[in-house]
Amino acid sequence: MKKDFHFTLTDRLPGTHARAGVIHTPHGDIETPAFIPVGTQATLKALVPEQLAAVGAQAMLANAYHLYLRPGSEIIDQAGGLHAFMNWEKPTFTDSGGFQVMSLGVGFKKVIDMSGDVAEKPLAKKDKLAWIDDDGVTFKSHLNGSQHRFNPEVSMKIQHELGADIIFAFDELTTLHHSYDYQVESLDRRTHPWAVRSLEAHQQLTQERADKPYQALYGVVQGANYEDLRRKSSRFLADLDFDGFGLGGALTKENIGEIVGWMSEELPEDKPRHMLGISEPDDIFDCIENGADTFDCVSPARVGRNGALYLPTGRVNITNRRFRDDFTPLNADCDCYTCQNYTRAYLHHLFKAGEMLASTLATIHNQRFIVKLVDDIRASIKDGSFFDFKQEFLATYYHKDAL
RNA sequence: UCCGACGUAGCUCAAUGGUGGAGCAAGAAGCUGUUAACUUCGAGGUUGCUGGUUCGAGUCCAGCCGUCGGAG
Numbered sequence: 022m023k024k025d026f027h028f029t030l031t032d033r034l035p036g037t038h039a040r041a042g043v044i045h046t047p048h049g050d051i052e053t054p055a056f057i058p059v060g061t062q063a064t065l066k067a068l069v070p071e072q073l074a075a076v077g078a079q080a081m082l083a084n085a086y087h088l089y090l091r092p093g094s095e096i097i098d099q100a101g102g103l104h105a106f107m108n109w110e111k112p113t114f115t116d117s118g119g120f121q122v123m124s125l126g127v128g129f130k131k132v133i134d135m136s137g138d139v140a141e142k143p144l145a146k147k148d149k150l151a152w153i154d155d156d157g158v159t160f161k162s163h164l165n166g167s168q169h170r171f172n173p174e175v176s177m178k179i180q181h182e183l184g185a186d187i188i189f190a191f192d193e194l195t196t197l198h199h200s201y202d203y204q205v206e207s208l209d210r211r212t213h214p215w216a217v218r219s220l221e222a223h224q225q226l227t228q229e230r231a232d233k234p235y236q237a238l239y240g241v242v243q244g245a246n247y248e249d250l251r252r253k254s255s256r257f258l259a260d261l262d263f264d265g266f267g268l269g270g271a272l273t274k275e276n277i278g279e280i281v282g283w284m285s286e287e288l289p290e291d292k293p294r295h296m297l298g299i300s301e302p303d304d305i306f307d308c309i310e311n312g313a314d315t316f317d318c319v320s321p322a323r324v325g326r327n328g329a330l331y332l333p334t335g336r337v338n339i340t341n342r343r344f345r346d347d348f349t350p351l352n353a354d355c356d357c358y359t360c361q362n363y364t365r366a367y368l369h370h371l372f373k374a375g376e377m378l379a380s381t382l383a384t385i386h387n388q389r390f391i392v393k394l395v396d397d398i399r400a401s402i403k404d405g406s407f408f409d410f411k412q413e414f415l416a417t418y419y420h421k422d423a424l
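Each residue of the first sequence is one higher than the one before, counting from 22 in this note's numbering.
Worth flagging that the hints you see were computed from the coordinates, not collected in a lab.
We put the CB at the ideal spot given by N, CA and C, even for glycine.
Please note that a few of the clues may not be correct.
[As the list claims (entries may be wrong)] Label pairs and their calculated CB-CB ranges: (1) ASP155 / PHE408: 44 to 50 Å; (2) LEU378 / GLU229: 42 to 48 Å; (3) GLY101 / TYR419: 43 to 49 Å; (4) ARG345 / ARG256: 52 to 58 Å; (5) GLU229 / THR273: 40 to 46 Å; (6) ILE96 / ARG345: 42 to 48 Å; (7) ASP404 / GLU229: 42 to 48 Å; (8) TYR419 / LYS24: 22 to 28 Å; (9) ASP134 / ASP209: 24 to 30 Å; (10) GLU248 / SER162: 35 to 41 Å; (11) HIS27 / GLU376: 44 to 50 Å; (12) ARG256 / TYR358: 28 to 34 Å; (13) THR417 / ASN327: 21 to 27 Å.
[What the hints assert, rightly or not] Calculated pairs, EDC-like style, for lysine to aspartate or glutamate (alpha carbon to alpha carbon, straight line, at most 20 Å): (14) LYS253 / GLU206; (15) LYS233 / ASP50; (16) LYS66 / GLU110; (17) LYS253 / ASP209; (18) LYS411 / ASP262; (19) LYS411 / ASP396; (20) LYS24 / GLU290; (21) LYS253 / GLU279; (22) LYS178 / ASP156; (23) LYS178 / ASP262; (24) LYS403 / ASP291; (25) LYS393 / GLU413; (26) LYS411 / ASP156; (27) LYS233 / ASP25.
Build out the structure end to end from the sequences listed, making use of the hints.
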């Protein structure tokens with residue numbers, strides 16, 4: 022099959038790893054840097070695809086774990102793939118299920134933070150829903166407790182049935198709470214061998230399903246916040262025939278840019294780099310400056326549904342009492358449907374009343390805010406104003422006395 | 001007018017005579033490859049009023065006030 026995927030670099034920011042480019046997929050192009058909203062279960066919660074497109078989303082990311090459990094990846098295969106199933110014609114990504122190895126296992130019912138200084142009490146074995154070994158992971162469904170097994174081959178089969186344009190190798194997402202020795206063992210015994218197995222299974226499936234659109238496979242770099250491990254993991258994956266790379270796992274927020282920089286120095290220039298699960302504005306700036314091309318994250322959607330909305334002056338809880346009689350637009354300078362048509366008082370009311378429209382309007386705004394932020398960063402790389410834009414945005418965003 | 005029941009947090013209700021609690025509402029915080037329209041936290045009280053019994057009363061007794069129901 023003809024490989025219908027490539028990455029074109031168009032601009033670089035001198036003195037940094039930052040770059041702009043275009044990812045070409047069978048379902049269209051993605052101008053990078055770009056933020057990719059997450060629709061875990063083949064829907065971005067609270068939005069119809071037209072609303073997601075209107076927000077400026079160039080692509081969407083779904084999750085192999087959730088769609089495997091329900092409705093089943095074979096159902097989506099029968100439907101003609103993710104795009105046809107969910108009525109989304111633009112590019113799609115799927116995550117491998119690797120995140121659930123962590124979130125249902127060591128991370129079950131815990132917050133895996135990026136500060137690295139939280140000593141959580143160890144989880145009792147019976148409380149976990151996932152158990153990892155060197156071949157893969159056995160886990161219990163969070164839906165009904167039924168037992169399943171994922172390994173690289175299973176994840177690749179599922180992701181091929183789902184049919185996203187960009188898919189990820191099955192990896193082990195370690196946390197900052199794991200020891201250095203564990204991080205080494207995780208790379209050598211699981212994430213790296215699994216990357217090789219994912220690639221082999223992917224190539225086999227690509228041949229078997231030659232009538233389907235080409236799917237690009239990204240290898241996933243791990244190594245927590247250790248420079249030697251991040252470089253080693255990057256070099257290992259760089260030597261394999263991946264179409265791009267996911268930069269994953271445990272990253273200390275304090276030096277996230279530095280960590281991304283280590284990986285960018287080891288990875289090939291001509292392949293795209295995707296930051297898994299990052300969306301805070303300061304993190305986005307740091308990652309792009311150090312070579313990241315695309316991002317996905319549930320945070321803008323989730324915090325929005327819970328009433329936290331992005332403003333240029335920082336995030337606010339619209340449920341706060343002070344918004345009860347604030348009849349100004351959420352953000353007069355925002356071009357999203359919500360800000361163009363509704364007041365803070367109305368949004369406050371919808372949340373307090375528990376109305377579904379609250380989620381929709383909040384999601385539209387938050388997605389637009391982050392998508393546009395990354396779009397603006399892309400423009401600033403192209404015209405050379407990146408550092409001015411970064412300084413101005415972050416100074417305003419993190420000193421929230423203006424509201 | 002008489003009889004009866006009931007008065008506890010903003011609301012609905014708990015509390016063998018032994019340090020008055022919960023849910024919801026209201027207030028606030030958190031959320032970074034979604035088990036999340038979620039989670040967490042604090043605040044909120046002269047137990048209708050006045051007396052009495054008791055070591056000790058939201059609880060028992062009396063009166064008053066109020067609400068509801070029934071009878072006239």
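Tested hints:
no.	hint	verdict
1	ASP155 / PHE408: 44 to 50 Å	holds (45 Å)
2	LEU378 / GLU229: 42 to 48 Å	holds (45 Å)
3	GLY101 / TYR419: 43 to 49 Å	holds (45 Å)
4	ARG345 / ARG256: 52 to 58 Å	holds (56 Å)
5	GLU229 / THR273: 40 to 46 Å	holds (41 Å)
6	ILE96 / ARG345: 42 to 48 Å	holds (45 Å)
7	ASP404 / GLU229: 42 to 48 Å	holds (46 Å)
8	TYR419 / LYS24: 22 to 28 Å	violated (43 Å)
9	ASP134 / ASP209: 24 to 30 Å	holds (26 Å)
10	GLU248 / SER162: 35 to 41 Å	holds (38 Å)
11	HIS27 / GLU376: 44 to 50 Å	holds (45 Å)
12	ARG256 / TYR358: 28 to 34 Å	violated (46 Å)
13	THR417 / ASN327: 21 to 27 Å	holds (23 Å)
14	LYS253 / GLU206	holds (13 Å)
15	LYS233 / ASP50	holds (18 Å)
16	LYS66 / GLU110	holds (18 Å)
17	LYS253 / ASP209	holds (10 Å)
18	LYS411 / ASP262	violated (35 Å)
19	LYS411 / ASP396	holds (13 Å)
20	LYS24 / GLU290	holds (19 Å)
21	LYS253 / GLU279	holds (15 Å)
22	LYS178 / ASP156	holds (16 Å)
23	LYS178 / ASP262	holds (18 Å)
24	LYS403 / ASP291	holds (18 Å)
25	LYS393 / GLU413	holds (15 Å)
26	LYS411 / ASP156	violated (43 Å)
27	LYS233 / ASP25	holds (11 Å)
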